[in-house]
Each structure stands twice: as structure tokens, then as C-alpha cells.
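Per the numbering used here, the sequence shown starts with residue 103, numbered consecutively.
The hints are simulated quantities; they were obtained by calculation from the structure and are not laboratory data. Be a bit skeptical, because a hint or two may be false.
Said to hold, decoys possible - With a straight-line Cα cutoff of 30 Å, these simulated DSSO-like cross-link-like pairs (lysine-lysine) come out:
| # | residue 1 | residue 2 |
| --- | --- | --- |
| 1 | Lys127 | Lys187 |
| 2 | Lys127 | Lys161 |
| 3 | Lys104 | Lys118 |
| 4 | Lys161 | Lys118 |
| 5 | Lys140 | Lys161 |
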Amino acid sequence: MKAYRLDLLYKWSSGKGFIVTPRSKIKWEENYTGDMKKVQEDESYLLVNLFYNMDEEGKVTNMGFSINTNSSDKEMLEEIKKVIKTSWIEYPDSPDSLNYRIAGILSAFTGIKEWKFLEGS
103 MKAYRLDLLY
113 KWSSGKGFIV
123 TPRSKIKWEE
133 NYTGDMKKVQ
143 EDESYLLVNL
153 FYNMDEEGKV
163 TNMGFSINTN
173 SSDKEMLEEI
183 KKVIKTSWIE
193 YPDSPDSLNY
203 RIAGILSAFT
213 GIKEWKFLEG
223 S
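Make a model of the complete structure from these sequences and hints.
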């Protein structure tokens with residue numbers, strides 16, 4: 103049994119949104135710690151820590167999460183928690199799919215329609 107932590111980090115300001123976590127890291131069996139140095143003081147951010155264990159056969163167990171943000175939008179945070187509970191805890195989806203679901207919620211609440219991977223900028 104191996105434990106994993108995958109951080110999904112998003113930042114936004116002035117109508118631009120970025121997924122800071124490299125696309126290549128958003129997958130099963132990948133440990134990645136979000137680099138908060140890539141978030142400037144004037145930017146809003148959302149950091150979602152995803153935790154899980156995987157056994158030798160690839161069975162995923164003990165899924166958990168935590169959220170850290172400087173956003174005060176409680177409604178947005180509740181929607182993000184709901185999608186994580188549904189798509190990560192209750193009915194585990196792939197990290198990649200969850201990433202796009204979270205970006206969709208951020209779009210709805212920030213008005214930013216396109217979220218680009220920072221690594222490609």
C-alpha cells in the first residue's frame with residue numbers, strides 16, 4: 103500500500119485563470135506538492151490537496167482532501183467541496199477529470215472562461 107498526495111493549484115486575477123499544477127502531474131500514482139511561490143500577492147488562489155492510498159493491484163482507498171484559499175466566496179467553496187465529495191470521495195473519478203470539474207466551478211464564479219496550464223504560458 104502506497105500513500106499519495108496530489109495538489110491541484112489554481113490562481114487568478116485580472117480576468118485570467120491558470121492551473122498551476124503541471125498537466126503531466128495530474129494523474130494517478132503521482133505525488134505533487136503545489137508551489138505557492140508561483141502565486142503572487144495580488145492573485146487569488148485555490149489549493150486542493152488530494153490524498154489517497156493505492157495497493158499493488160491499483161485499488162484506491164482512504165481518499166481525502168483539504169482546501170486552502172484566499173477567496174472569501176463561501177458559495178464557490180461550498181460548490182467545490184460538493185464536487186470533491188461526489189467526484190473524489192463517494193464516486194472516485196480520475197484526478198484529471200476532477201481538475202476540469204473544479205476549473206468549471208471556478209469559471210462559473212469568477213467569470214473566467216478559459217483556464218490555461220501555467221506550464222504552457
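Hint-by-hint comparison with the structure:
1. Lys127 / Lys187: Between Lys127 and Lys187 the Cα gap is close to 21 Å, so the pair holds against 30 Å.
2. Lys127 / Lys161: Holds: Lys127 and Lys161 sit about 19 Å apart, inside 30 Å.
3. Lys104 / Lys118: Violated: Lys104 and Lys118 sit about 37 Å apart, past 30 Å.
4. Lys161 / Lys118: Violated. Lys161 to Lys118 sits at ~37 Å, over the 30 Å cutoff.
5. Lys140 / Lys161: Violated, at about 33 Å.
Hints 3, 4, 5, counting from the list given before, are not met by this structure.
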